[in-house]
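Trainee: Sequence:
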Amino acid sequence: MRAATALALCLLAGVAWAEVAAVTSQNAGALTLVDTGSLQVLATLPLPGKPAAVAVDGRRGRILAVAVETARLHVFDLAGAPLADWPLAGAPFGLAIRPQTGTALVTDQAGNLLREIDPVTGEELAQWQTGALPSGVAEAEGVILVANRDGDSVTLIRGEVQQDIAVGHHPFGVTLHDGRGFVTDVLSDQVSVIDLAGAAVIATIPTGERPYAVAFAAGRGFVTNQYAASLTVFDAQSLAVIAEIATDDYPEGLAATTDGQILVAN
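Numbering follows this note's numbering, with no gaps: position 164 of the sequence shown is 164.
Everything labelled a hint here was simulated from the structure, so no lab data went into it.
Be careful, since some hints might not be right.
[What the hints assert, rightly or not] No farther apart than 25 Å at their CA atoms in a straight line, the calculated lysine to any residue pairs in the SDA-like style are these:
| # | residue 1 | residue 2 |
| --- | --- | --- |
| 1 | Lys-50 | Gln-127 |
| 2 | Lys-50 | Ala-229 |
| 3 | Lys-50 | Thr-32 |
| 4 | Lys-50 | Gln-40 |
| 5 | Lys-50 | Ala-79 |
| 6 | Lys-50 | Asp-248 |
[As the list claims (entries may be wrong)] Distance windows between CB atoms, simulated:
| # | residue 1 | residue 2 | range |
| --- | --- | --- | --- |
| 7 | Gln-261 | Glu-124 | 34 to 42 Å |
| 8 | Ala-197 | Val-233 | 25 to 33 Å |
| 9 | Ser-238 | Ser-38 | 34 to 42 Å |
| 10 | Gly-198 | Asp-150 | 19 to 27 Å |
| 11 | Leu-239 | Ala-110 | 30 to 38 Å |
| 12 | Ala-229 | Ala-30 | 22 to 30 Å |
| 13 | Ala-30 | Gly-219 | 29 to 37 Å |
| 14 | Val-233 | Gly-111 | 32 to 40 Å |
| 15 | Thr-257 | Asp-77 | 18 to 26 Å |
| 16 | Glu-123 | Gln-162 | 16 to 24 Å |
| 17 | Ile-202 | Gln-162 | 19 to 27 Å |
Values in this document were obtained by computation on a predicted structure and should not be read as measured data.
Using N, Cα and C, we set each Cβ at its ideal position, and we do this for glycine too.
The whole structure should be built from the sequences, with the hints applied where relevant.
Mentor: Structure (structure tokens):
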């Protein structure tokens with residue numbers, strides 16, 4: 001994971017209400033904030049330790065990022081001011097924010113665990129066992145889905161009930177949308193579509209080479225293809241592939257703005 005994007009609406013000092021993309025850069029050791037309307041860089045902040053996953057909690061005014069090399073959870077406000085910096089157990093990697101609580105879900109690749117962390121205190125609130133090498137994670141409406149890269153599976157967690165579901169080879173990115181889970185199977189060049197209520201794979205969507213992440217806008221799904229330098233576009237309901245759009249080299253993280261644009265970190 002070299003880059004990731006997340007979006008939130010935030011009020012920056014001296015700037016009108018603007019939607020801002022938060023982008024981590026591993027080799028640069030930085031977090032960059034970009035105005036999505038003008039595409040101007042608002043701030044570039046030092047973030048050492050190979051930062052990977054990033055997530056934005058607009059409701060509570062926080063940006064969270066995981067530094068892989070130093071095993072830390074960094075917390076910023078929406079203008080980029082540091083709020084906290086917490087040590088994490090194991091080998092942290094993937095990150096998601098629980099919408100209802102604002103707590104962080106962090107995958108631990110050393111322990112094959114998912115940990116729930118309070119970003120205000122740094123306290124670990126809960127943990128769940130996952131499959132081998134958990135990577136991406138997402139949560140919506142009380143359902144958590146974790147991609148187990150070396151297990152060729154996902155772990156679905158709903159309350160006290162937990163189960164593993166087989167998917168393609170090397171699942172990585174996870175997105176939840178409209179009662180379904182969308183998981184990029186990196187070495188199978190496909191997206192596995194999981195019915196969350198039935199806990200089963202209901203379809204696969206062919207992609208370009210090495211799919212990485214999925215986002216949705218205007219009734220369509222968009223998949224970054226790392227090695228193909230492109231986006232695969234599919235219909236969000238029928239799941240039929242509509243188009244392929246060229247990007248710059250090595251597209252990875254992507255996110256949708258509120259007005260239906262898709263931003264891609266290359």
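Trainee: Are Gly-198 and Asp-150 spaced within 19 to 27 Å by their CB atoms?
Mentor: holds (25 Å)
Trainee: With respect to the beta-carbon atoms only, verify the hint that Ala-229 and Ala-30 lie 22 to 30 Å apart.
Mentor: holds (23 Å)
Trainee: In this structure, is the beta-carbon distance linking Ala-197 and Val-233 contained in 25 to 33 Å?
Mentor: Given a distance of about 26 Å, which is inside 25 to 33 Å, the answer is holds.
Trainee: Between the alpha carbons of Lys-50 and Asp-248, is the straight-line distance 25 Å or under?
Mentor: Measuring from Cα to Cα gives roughly 22 Å; hence the hint holds.
Trainee: Regarding the pair Lys-50 and Ala-79, is the alpha-carbon distance no greater than 25 Å?
Mentor: Roughly 21 Å separates the two Cα atoms, so the pair holds.
Trainee: Taking 25 Å as the top limit, are the C-alpha atoms of Lys-50 and Gln-127 close enough?
Mentor: holds (24 Å)
Trainee: Take a look at whether the Cβ-Cβ distance between Gln-261 and Glu-124 falls inside 34 to 42 Å.
Mentor: For Glu-124 against Gln-261, whose Cβ atoms are near 37 Å apart, the range 34 to 42 Å holds.
Trainee: Take the C-beta atom of Glu-123 and the C-beta atom of Gln-162, compute their distance, and say whether it sits inside 16 to 24 Å.
Mentor: Check passed, 22 Å falls within 16 to 24 Å.
Trainee: In this structure, is the beta-carbon distance linking Thr-257 and Asp-77 contained in 18 to 26 Å?
Mentor: Holds, at about 20 Å.
Trainee: Cβ-Cβ distance between Leu-239 and Ala-110: within 30 to 38 Å?
Mentor: holds (35 Å)
Trainee: Given the range 32 to 40 Å, decide if the beta-carbon distance of Val-233 to Gly-111 lies inside it.
Mentor: Cβ of Val-233 to Cβ of Gly-111: about 37 Å, so the range 32 to 40 Å holds.
Trainee: Holds or violated: Lys-50 and Gln-40, Cα atoms, limit 25 Å.
Mentor: holds (24 Å)
Comparing the model with each numbered hint stated earlier shows that all of them hold.
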